[in-house]
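Construct all of the structure, not just a fragment, from the sequences and the given hints.
First to last, the protein sequences are chains X and U. Per my numbering, the very first residue in the first sequence carries number 1; after that it's consecutive. Per my numbering, the very first residue in the second sequence carries number 1; after that it's consecutive.
Hints are computed from structural coordinates only; laboratory data are not their basis. Yeah, the Cβ is synthetic: ideal placement off N, Cα and C, and Gly gets one too. You may find that some hints are simply not true.
Distance ranges between label pairs, derived from CB positions [what the hints assert, rightly or not]:
id: 1; chain 1: U; residue 1: 32; chain 2: X; residue 2: 191; range: 25 to 35 Å
id: 2; chain 1: X; residue 1: 23; chain 2: U; residue 2: 93; range: 36 to 46 Å
id: 3; chain 1: X; residue 1: 13; chain 2: U; residue 2: 134; range: 55 to 65 Å
id: 4; chain 1: U; residue 1: 193; chain 2: X; residue 2: 133; range: 31 to 41 Å
id: 5; chain 1: X; residue 1: 164; chain 2: U; residue 2: 41; range: 46 to 56 Å
id: 6; chain 1: U; residue 1: 88; chain 2: X; residue 2: 98; range: 45 to 55 Å
id: 7; chain 1: X; residue 1: 45; chain 2: U; residue 2: 32; range: 24 to 34 Å
id: 8; chain 1: U; residue 1: 95; chain 2: X; residue 2: 87; range: 25 to 35 Å
id: 9; chain 1: U; residue 1: 12; chain 2: X; residue 2: 191; range: 43 to 53 Å
Derived coverage of chain U by chain X (criterion: at least 3 residues anywhere in the stretch with Cβ under 8 Å from a Cβ of chain X; other residues may be distant) [stated by the list, open to error]:
id: 10; region: 78-88
id: 11; region: 106-116
id: 12; region: 185-196
The residues making up each chain are set out below.
Protein chains: 2
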Amino acid sequence: MAEGGKPKRDTYRHGDLRNALIKAGLELAREGGPEAVVLRAATRHAGVVPNAAYRHFADRAALLHAVSQAAMAEAARTMEAEQAALPPADDPVAAARARFRAVGTGYLRFAQEQPGLFRAAFHVPGDMAHAAAETAAGAGGRTPFELLGAALDDLVETGLLPEDRRPGAEFLAWSAVHGLAVLLIDGPLRGLHPTQAQDAGRHVIDMIERGI
Amino acid sequence: MAEGGKPKRDTYRHGDLRNALIKAGLELAREGGPEAVVLRAATRHAGVVPNAAYRHFADRAALLHAVSQAAMAEAARTMEAEQAALPPADDPVAAARARFRAVGTGYLRFAQEQPGLFRAAFHVPGDMAHAAAETAAGAGGRTPFELLGAALDDLVETGLLPEDRRPGAEFLAWSAVHGLAVLLIDGPLRGLHPTQAQDAGRHVIDMIERGI
DNA sequence: TCCGAATGTGGACATCGTACACAAGGGTGG
DNA sequence: CCACCCTTGTGTACGATGTCCACATTCGGA
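Written as structure tokens, this is what we have:
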């Protein structure tokens, strides 16, 4: 009787299971966040038996970690795009400042446009120090953290940020922007109109510039 | 054969199951965060069959929500204690400023001392607007958010904060402090020595005061 | 060509959330 | 004082999940 119309593969080997699982996990995370990235669902999506995943990942946590890295890379890409979309400025000081702000607005835009991925990206399965891993980098080869660091360095170079305030500045900036992102996607500011959210973003970045 | 030595109750009714479940959930959350608050584990802990929970909570999410509220109340208590421990100051301006900072340091202290509860408190099961519910209040009857709001009001009253900057200020402050808390408990700043963490906290609060 | 290392399959188990039917007991109207 | 019923706890059951173990299939090199 009418065999299942599933897009089952004909070769015994899958060929690229690892990446297929990450991709599937990414889709699951996109809607539903980290807790939605379910091992069995991912393997199902890849047309493979659940256990096959264990040939490529130690356990669900390992898969989730890989998905998280991929999500971070997408965040980095959004941030890079935000910078790239900046109108060309001849004043290098203004340019550095604009690039710095773009890091923040790009981060916030990603959080709002892809809340599931955002949550997955910074879900921190007990080890987020890997925010520096190259698997988390965007097209330019930089992770979100590195993008922020570079923008801050530019601020120092152009004299916008006193050198003695540079150390640890990424943590101040990241704290504020990340906190707002959380407020926006599932805190009391959830469901804020995009324009208002943008306003809030500007306010927070203003605060950072003033207070850093 | 030696019947189980479990502290099983002799009355058919439990008497206070709802609270017992919340308490058990709180213990589970204390170590392990929100995902550790497992319905069956809580009922087991209360010496009751799993389904009994459904007489008091619609589902696991409802239980988790109650636990979250309780955790928030504990956060509020920590923050109140931080304020109460302030040395008495005769200068009302300095006092207002100190109370404001204590809100932030109390919040950060709670995050570091009780990371599991902290995560559970602000886990946001899709509806965190209830940060105002009275079940989330501390001994003084105020939730963490309300404590922050009151501290900001004091800043305005004492002239430390221009009135036109007051609206929305809680979100700026909350963003920065909450962001740092996340960085500290499971971000790149995890495992920072308590003294250094305190330094970081001071820096962030400095930034807020300057930039708010 | 043959064999071992990779990779995928099948079956099984413990645990979890939750639904449904049933039992026990406490409060209340008669 | 007692019978009834509503509340609360129990038993049994189901589907889903993560993961373990033994087995099958295939690929790549000696």
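Tested hints:
{"no.": "1", "hint": "U:32 x X:191: 25 to 35 Å", "result": "30 Å, holds"}
{"no.": "2", "hint": "X:23 x U:93: 36 to 46 Å", "result": "58 Å, violated"}
{"no.": "3", "hint": "X:13 x U:134: 55 to 65 Å", "result": "60 Å, holds"}
{"no.": "4", "hint": "U:193 x X:133: 31 to 41 Å", "result": "25 Å, violated"}
{"no.": "5", "hint": "X:164 x U:41: 46 to 56 Å", "result": "51 Å, holds"}
{"no.": "6", "hint": "U:88 x X:98: 45 to 55 Å", "result": "48 Å, holds"}
{"no.": "7", "hint": "X:45 x U:32: 24 to 34 Å", "result": "29 Å, holds"}
{"no.": "8", "hint": "U:95 x X:87: 25 to 35 Å", "result": "48 Å, violated"}
{"no.": "9", "hint": "U:12 x X:191: 43 to 53 Å", "result": "45 Å, holds"}
{"no.": "10", "hint": "78-88", "result": "violated (count 0)"}
{"no.": "11", "hint": "106-116", "result": "violated (count 0)"}
{"no.": "12", "hint": "185-196", "result": "holds (count 5)"}
In this structure, the hints that do not hold are numbers 2, 4, 8, 10, 11, in rising order.
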